[in-house]
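S.K.: Here the protein sequences come in this chain order: A and B. Per numbering that gives the first Met the number 0: the first sequence = residues 0 to 525. Per numbering that gives the first Met the number 0: the second sequence = residues 0 to 233.
Rather than coming from a laboratory, the hints here were simulated on the basis of the structure. It is possible that some hints are incorrect.
[As the list claims (entries may be wrong)] Covered, in the sense of this in silico footprint (three residues per stretch, anywhere, with C-beta under 8 Å from a C-beta of chain B), are these stretches of chain A:
id, region
1, 309–322
2, 377–390
[Claimed, not checked] List time: in silico DSS-like cross-link candidates among lysine-lysine, alpha-carbon distance up to 27 Å:
id, chain 1, residue 1, chain 2, residue 2
3, B, 166, A, 371
4, B, 173, A, 277
5, B, 129, B, 112
6, A, 297, B, 119
7, A, 277, A, 9
8, A, 20, A, 112
9, B, 146, A, 297
10, A, 12, A, 197
11, A, 9, A, 112
12, A, 173, B, 125
13, A, 371, B, 119
14, B, 146, B, 173
15, A, 20, B, 12
16, A, 371, A, 277
17, A, 297, B, 125
18, B, 146, A, 278
19, B, 209, B, 166
Every residue gets a Cβ at the ideal spot worked out from N, C-alpha and C, and that includes glycine.
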Amino acid sequence: MTPLIYLVRKSVKNTVKSILKSPGKLALWLITVAMIAGTVVVSLFTSANRAPGAIAPLFWFTGILFLFITLFVGTSVSKGLSGGDTIFEMSDVNLLFCSPVNPRKILLYGIVKMAKTAFLAGFFILFQATSLANFGVDYGGVLLTFAGYMLSMMTLLTVSLVIYSATNGKPRRKLAVKIITIALFVPLAVFAILQYLKTGDALATLKSVITSPFLAFIPVAGWTASGVTALISGHTGAGFLWLGANALLLVVMIAYILLSNPDYYEDVLVATETAYEKKRAVAEGNINAANASRRVVKVARTGIPYAGAASIFGKHVRESFRENRFGLLTLPSVLIAVGGIILAVIFADISILLFSLPWAQIFLIGTGRGLKDLYSHYIYMIPESSFKKIVWSNMEIIARTLIENVLMFGIAGLILRANILYIAVCIVVYTLFSYLLLGVNYAIMRYTGADVSSGMLLLIYYFAVILIIAPGVALAVIIGSITGGETAFFLGLFILSAWELLAGTVCFMLSRGVLHNCDMAMMKTK
Amino acid sequence: MITVQNVSKRYGKFLAIDNISLAVNSGELTVLLGPNGAGKSTLIKSICGLLRYQGTITVDGFDNRSTQAKRILGYVPEMSVLFPALTVYEHLEFIARAYRLHGWAPLADELLKRFELDDKRQKLGKELSKGMQQKVSVCCALLTKPKAVILDEPLVGLDPHGIREIKAVIADLKHDGCALLISTHMIESMEENWDATYILKEGKIAAVCKRGELPRGKTLEDIYFAITEGGIAE
Chain A
0 MTPLIYLVRK SVKNTVKSIL KSPGKLALWL ITVAMIAGTV VVSLFTSANR APGAIAPLFW
60 FTGILFLFIT LFVGTSVSKG LSGGDTIFEM SDVNLLFCSP VNPRKILLYG IVKMAKTAFL
120 AGFFILFQAT SLANFGVDYG GVLLTFAGYM LSMMTLLTVS LVIYSATNGK PRRKLAVKII
180 TIALFVPLAV FAILQYLKTG DALATLKSVI TSPFLAFIPV AGWTASGVTA LISGHTGAGF
240 LWLGANALLL VVMIAYILLS NPDYYEDVLV ATETAYEKKR AVAEGNINAA NASRRVVKVA
300 RTGIPYAGAA SIFGKHVRES FRENRFGLLT LPSVLIAVGG IILAVIFADI SILLFSLPWA
360 QIFLIGTGRG LKDLYSHYIY MIPESSFKKI VWSNMEIIAR TLIENVLMFG IAGLILRANI
420 LYIAVCIVVY TLFSYLLLGV NYAIMRYTGA DVSSGMLLLI YYFAVILIIA PGVALAVIIG
480 SITGGETAFF LGLFILSAWE LLAGTVCFML SRGVLHNCDM AMMKTK
Chain B
0 MITVQNVSKR YGKFLAIDNI SLAVNSGELT VLLGPNGAGK STLIKSICGL LRYQGTITVD
60 GFDNRSTQAK RILGYVPEMS VLFPALTVYE HLEFIARAYR LHGWAPLADE LLKRFELDDK
120 RQKLGKELSK GMQQKVSVCC ALLTKPKAVI LDEPLVGLDP HGIREIKAVI ADLKHDGCAL
180 LISTHMIESM EENWDATYIL KEGKIAAVCK RGELPRGKTL EDIYFAITEG GIAE
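Bound conformation, chain A alone (with noise of 0.2 Å):
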């Protein structure tokens, strides 16, 4: 048995035994898994009785799978330019780098771990079973848009490797690929200027684009997001094409790093001691330095406003406007904005974003840096009392989920020419919905003093926002089907964040004292 067969067969039996010996390991898998079977049955009813008038044009779910995978092919090929992506972890460095194997064997090692990780990497989309349904894609069409993702997502983990290994040190080589991947999009660019003049409609234009084949002869993303629409249309021949051109680059790009660059150790070395830094930050407890982000930050304005538990507040400012490019609004925030924004477009009703983005927002919360701040000592040690300190933590995500909110819903309404009121409502919802989460992470913080594991608080936080979220979503219902009429989705959505509000503040008034009479939140990744 070669050693790194061994490896790959020990590692996976160890991670078996780990998930068998945990509890809340095991309980998570189980629940994941129900999950998925769940949405499965789900979706199988919601597309047996959809309306085909409720169906969406599938050439969306193409534009929406492009855009997606774009972020992808941007952030590999910047990834490849500073310091490749990461196949190997620093226990491969140390051990396996030194020992007399073949490096060529363990590259093919490096690659089944990059398979793994795309695999875990797109497992969410297996939850979207109900979304894609809303594009009259089945089940069968799930699993295709996943193994697309995955097989995207490994030819792009290694074209940035082969990027860097190519331009590591050379500033022209550097340039030459930038231009290159912006000259990959300029035909689809050009295309969509000229119909636009042409047709003077944004929708119109739009569907051409999407549809065009400039959009799907766009490397990695545009052949994933045309492979994929035309197998789930049942082209056969077009989806295999596609996806095969996907499969050929990623074969090419390892025959590349095998045929031309054995010696590819340290092309992988910069990226793999970075990621092991953050692991290691992440074990430590060193939020800060997990979170910190790459990117080279001009210094310009300097200083932090405010005294007292207010400056933490002010610090959150600095931070935001130095780190982000979108002053208080991070590049996820604005992705989502302008997701939010197509999606309410194409199903011409704002309202759907109330149904489809609190997921998100469950998770993107936790990017708040009042939440994050409960990993260090400084606000625990500042001499204020702890609702102040609370208060003005949050400050910045409840600002942020608000400008977020105000630009979703806002843009959008205008384009659909929603009443105001049916905007300021929904705004209202969706943003006493975020309240409601954060209430919902300092009580849970404060009575578990966040000591269990990572997957365990993540669990124990989804069923009780689930819970707690529940009976107002079964109450405005209730009482929206019993008064009937135009006004009965205003009364349910003004019921819905009342309860929000009500649910939040009892959530914050049974986590007081969190800062004062509770251990200090650890991360624990195991």
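Use these hints to put chain B onto chain A, whose structure you have.
M.R.: Only chain B this time, still in chain A's reference frame:
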């Protein structure tokens, strides 16, 4: 200044510190010694109000979780945690504003010069080496002019200049009447200034040594190894 009475801390079934009592007076340097996992960091975090515990801890007579206690307590954690997107100077400014300090700038300048960070004041937290992060962490703790300072492994990761400066700062603080509680593995590093040493083992105080009361011919190191490696201290 710092009083710990019958303090215990449990993590689930594991008893990390078991009924510990100690006192650190003003102008005294008290050292916590013990092998890994003895409970030193847990005790320090409990004193700083970062952990729940059973028992009583006061700082200058105030409950350690009160704002009065927090105002006079300085803490240098084992692992310096800086904010990646704040500059060195902004860390000090943040502390000054959060603690509502007045006229803090000259002391900030003095601390930055002392720890050779003067030319790094515009550097971001994420751009600093671990040693420099540790120095910034010390500056943050001292900017509030605390009456009691707790340092958890303060010398780890520092360069020789940093070690010399920390030792000098500790001597100055002690001279100025500050109560100091320091956890360290480097026994010899505190040899010159220590007043009392508590040796912890498996969450309990295994021995208390006072300067001038050591058995003749025995060093702190001899006693430490006798206790932690199974021997009996004379």
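S.K.: For every hint, state whether the structure bears it out.
M.R.: Hints and how they fare:
For the region 309–322 of chain A, the stated coverage by chain B holds: 8 residues have a C-beta nearer than 8 Å to a C-beta of that chain, and at least 3 were required. With 7 residues having a Cβ less than 8 Å from any Cβ of chain B, the region 377–390 of chain A passes the three-residue criterion, so the hint holds. For a cut-off of 27 Å, the pair hint linking residue 166 (chain B) to residue 371 (chain A) is broken: about 33 Å separates their Cα positions. For a cut-off of 27 Å, the pair hint linking residue 173 (chain B) to residue 277 (chain A) is broken: about 37 Å separates their Cα positions.
Proposed proximity of residue 129 (chain B) and residue 112 (chain B) is supported: the alpha carbons are some 18 Å apart, at most 27 Å. With a C-alpha separation of about 14 Å, the suggested pair residue 297 (chain A) and residue 119 (chain B) falls inside the 27 Å cut-off, and the hint holds. Using a Cα cut-off of 27 Å, the hinted pair residue 277 (chain A) and residue 9 (chain A) holds, with the two alpha carbons roughly 25 Å apart. Distance hint between residue 20 (chain A) and residue 112 (chain A) is fulfilled; the C-alpha atoms sit about 23 Å from each other, no more than 27 Å.
As the CA atoms of residue 146 (chain B) and residue 297 (chain A) are separated by approximately 37 Å, the hinted pair breaks the 27 Å bound. Of the supplied pair hints, the one linking residue 12 (chain A) and residue 197 (chain A) is violated, its CA atoms being roughly 61 Å apart against a limit of 27 Å. For the given pair, residue 9 (chain A) sits about 13 Å from residue 112 (chain A) by alpha-carbon distance, which is consistent with the 27 Å threshold. For the given pair, residue 173 (chain A) sits about 25 Å from residue 125 (chain B) by alpha-carbon distance, which is consistent with the 27 Å threshold.
A threshold of 27 Å between alpha carbons decides the hint, and for residue 371 (chain A) with residue 119 (chain B) the separation of about 26 Å falls inside it, so the pair holds. A C-alpha spacing of about 10 Å is found between residue 146 (chain B) and residue 173 (chain B), which places the hinted pair at or below 27 Å, so the restraint holds. The suggested pairing of residue 20 (chain A) with residue 12 (chain B) holds, with an alpha-carbon distance near 18 Å, which does not exceed 27 Å. This hinted pair checks out: residue 371 (chain A) and residue 277 (chain A) have alpha carbons roughly 15 Å apart, not beyond 27 Å.
Distance check on the hinted pair: residue 297 (chain A) and residue 125 (chain B) sit about 13 Å apart at the alpha-carbon level, within 27 Å; holds. A threshold of 27 Å between alpha carbons decides the hint, and for residue 146 (chain B) with residue 278 (chain A) the separation of about 37 Å lies outside it, so the pair is violated. For the proposed pair residue 209 (chain B) and residue 166 (chain B), the alpha carbon gap of about 20 Å is at most 27 Å, so the pair holds.
Checked against the numbered hints listed earlier, the structure breaks hints 3, 4, 9, 10 and 18; every other hint is satisfied.
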